[in-house]
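Residue numbers (UniProt numbering), protein chains in the order written: chain A, 1 to 311; chain B, 1 to 327.
Be aware that one or more of the hints could be misleading.
[Unchecked claim] Only pairs whose alpha carbons sit at most 25 Å apart, straight line, appear in this in silico SDA-like list of lysine to any residue:
id, chain 1, residue 1, chain 2, residue 2
1, B, K67, B, S83
2, B, K58, B, P304
3, B, K58, A, E197
4, B, K58, B, G15
5, B, K67, B, V4
6, B, K58, A, M132
7, B, K58, A, D41
8, B, K58, A, R81
9, B, K58, A, L302
10, B, K58, A, A216
11, B, K58, A, F190
12, B, K58, A, L279
13, B, K67, B, N276
14, B, K58, A, I87
15, B, K58, A, I204
16, B, K67, B, S271
17, B, K58, A, R11
No lab work stands behind these hints: they were computed from the structure.
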Amino acid sequence: MLRFLGFRLLRAIVTIVLVVTFAFVVLRLSGDPALLIMSVDAPPEAIAAFRAAWGLDDPLWVQYIRYFNAIFHGDLGRSMRDGRDAIVLVTERIPATLALTLPALAIKIGIGVPAGVYAALHRNSLADRMVMVMAVAGFTIPSFVLGLILVLVFAVQLGWLPSGGQESWRHAILPVITLGVGGAAVLARFTRSAMLEVLGQPFIRSASAKGVPWAAVVRNHALPNAAIPTVTIIGFMVGSLIAGAVVVESVFSWPGVGRLLVVAVANRDLAVVQCILLLVAMTMVIANLIVDLLYGALDPRLRATRTAGAH
Amino acid sequence: MRDVPLVSVRDLRVGFDGLPAVRGISLDVGMGEAVGLVGESGCGKSVTWLAALGLLPKSAQVAGSVKLAGEEILGAAPHVLDSVRGGRIAMIFQDPASSLNPVHRVGAQVVESLRLHRGMRGGAARAEAKRLFDLVGIPDAARRLDAYPHELSGGQNQRVMIAIALAGQPELLVADEPTTALDVTIQAQILELLGALRRDLGMALVLISHDLGVVAETCDRVCVMYAGRIVEEAPADALFHAPSHPYARGLLGALPPIDGPRRPLAAIPGSVPDPNAMPPGCAFAPRCAHHIAACDSAVPGLRPMGLDRRAACIRAEAPVRAALVPA
Ligand SMILES: Nc1ncnc2c1ncn2[C@@H]1O[C@H](COP(=O)(O)OP(=O)(O)O)[C@@H](O)[C@H]1O
Ligand SMILES: [Mg+2]
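Excised from the complex, chain A in its bound form:
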């Protein structure tokens, strides 16, 4: 188990390093921050001074080493726009993002999983078909389209809810629904097929054959097995708690991490972008690690191969 954890940790670190490196290279090759942040008609001396101040004149690999060295000393750099610490800029946006993504996650799990289980148990019924149609719709409609439709209906036409901003909890309703619906659809489809797969297994029939009432067959035999693949998708959703709201935050002018990312990318505000990506990568890696541990708890077959010595 310890070796397994150590192996996973090493892989996690490698993943994070790769993400950060990729972001570093792409960002530096895709535009000159000095030109974007300074006004177009800024004097050449000012631009040169800006470059020198932020170390943009050095060769790429020097900047890269300097960057990693700083990270190791806990320094994630400062915003090129207002000079504040990137980490502060980013962390003060996290609560706003979580205020959307956490309730949305609750909707995804709270609606998606039961809907999928219900559909599987009543396969080919009217309810199953309805769940599937809604799931396909929720899965296919891009979140910005759904967001705009919701705004048109509930904010513009009916006037029930505000269309954007962050002044009260009522402002969060439409973005949370927009985020939740798509995820619930994905989860419903996934849970349904996981359940159907399990319900077709011989051990379900043999549980019935030994006299287990159907409700208990579902609860004690089908669900624990169907949970194994479903946890993967939920883990993926947990991993996107920070980064999963970029589009929705933009549509609803919600001042979260996602909006900050969009603005920072547009401005080539390197430190801020990298800080966000680092945070996102870490969230995903941690979520993955949790999923792996859950797998072990849910599936004794995996536990066995692990204690027998993972590589």
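For this one, chain A is given, so just place chain B with the ligands on it according to the hints.
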């Protein structure tokens, strides 16, 4: 035969999407009796007993009657079926490894049955589970209770399945190809175990197999099925020595030498009729060496062949028997 058989199946019919899989099965199982059910794969052996216990998907169309000690159980209420299943009629299946829930310990799966049918819990249930493991010959039973199915061999998993089946103290155990997925040496051990348990516990046994040899060793009486019907029913030794129905004869001819390895029945020329295009008369007619025009006019019913056997063949008596006398 006692007055009321333990299980009495009458004109059981099962169809899937309008296609008949079982086409009118009638058979009795007496108290403590061992009945074999043989026939090529796909002839409806499993479906017969799955239908009897209400274990088929809802899409299956089931008709007929299945009585347990005189009480109708076909289409009975769920709570009635739940107490019959495992409590009075237990069933074990072909592939023991996938018939056990992979995420639960095998001991817990036995205890589940003990709780359902005998109200046992905690230490008492665990002690009884261990006793059952000893009974079915699982070595180091106390420790094996905590194993998961993937940690046991196929033979041991089948023993676990048998222990689960015995947990409810059933009057009948239906074993559906219990040894087909196992190694030859293990097959013999499991069959021996089933035979011994039946003798010791006075439990009736229905042994389903596509292998006449397997059934003949273990059972008192054998029913031979072909294309969803029983075509011959006879005491095991009588069937073995002088089968009446040409299909049963074919099965016997296809049997490997007694000491040789078991293998599936394959030596009858031709193949099982397509459910979409059943022959008008006897379903076996197209493959039958004794086929005459009259065979195609009507489906032959089971006719008595002497005291204790029946066959569904209009030509059964004289020609087939004569042909079987060893030269
Ligand atoms: N759940 C099912 N849905 C549709 N057809 C089935 C189902 N189960 C069995 N059948 C069909 O019923 C026939 C009899 O099957 P079965 O009883 O399993 O044969 P066997 O004698 O080998 O046990 C086969 O043709 C099979 O394809
Ligand atoms: Mg079968």
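Hints and how they fare:
For the hint linking K67 (chain B) to S83 (chain B), the alpha-carbon distance of about 15 Å falls within 25 Å, and the restraint holds. Restraint check: the Cα-Cα separation between K58 (chain B) and P304 (chain B) comes to about 36 Å, which exceeds 25 Å; the hinted pair is violated. Proposed proximity of K58 (chain B) and E197 (chain A) is supported: the alpha carbons are some 17 Å apart, at most 25 Å. For a cut-off of 25 Å, the pair hint linking K58 (chain B) to G15 (chain B) stands: about 11 Å separates their Cα positions.
For the hint pairing K67 (chain B) with V4 (chain B), the CA-to-CA distance comes to about 10 Å; that is within 25 Å, so the pair holds. As the CA atoms of K58 (chain B) and M132 (chain A) are separated by approximately 21 Å, the hinted pair is consistent with the 25 Å bound. A hinted pair counts as satisfied when its Cα atoms are at most 25 Å apart, and K58 (chain B) with D41 (chain A) does not qualify at roughly 76 Å. Note on K58 (chain B) and R81 (chain A): the hinted pairing is violated, with a Cα-Cα distance of about 66 Å set against a maximum of 25 Å.
Between K58 (chain B) and L302 (chain A) the CA atoms are separated by roughly 34 Å; this puts the pair beyond 25 Å, and the hint is violated. Between K58 (chain B) and A216 (chain A) the CA atoms are separated by roughly 18 Å; this keeps the pair inside 25 Å, and the hint holds. Restraint check: the Cα-Cα separation between K58 (chain B) and F190 (chain A) comes to about 23 Å, which is no more than 25 Å; the hinted pair holds. Distance hint between K58 (chain B) and L279 (chain A) is unfulfilled; the C-alpha atoms sit about 51 Å from each other, more than 25 Å.
Of the pairs offered as hints, the one joining K67 (chain B) and N276 (chain B) is violated, with about 30 Å between alpha carbons and a cut-off of 25 Å exceeded. Straight-line distance between C-alpha atoms of K58 (chain B) and I87 (chain A) comes to about 59 Å, which puts the hinted pair past the 25 Å bound. Of the pairs offered as hints, the one joining K58 (chain B) and I204 (chain A) holds, with about 15 Å between alpha carbons and a cut-off of 25 Å not exceeded. A distance of roughly 33 Å separates the Cα atoms of K67 (chain B) and S271 (chain B); the hinted pair therefore is violated under the 25 Å criterion.
Note on K58 (chain B) and R11 (chain A): the hinted pairing is violated, with a Cα-Cα distance of about 48 Å set against a maximum of 25 Å.
Checked against the numbered hints listed earlier, the structure breaks hints 2, 7, 8, 9, 12, 13, 14, 16 and 17; every other hint is satisfied.
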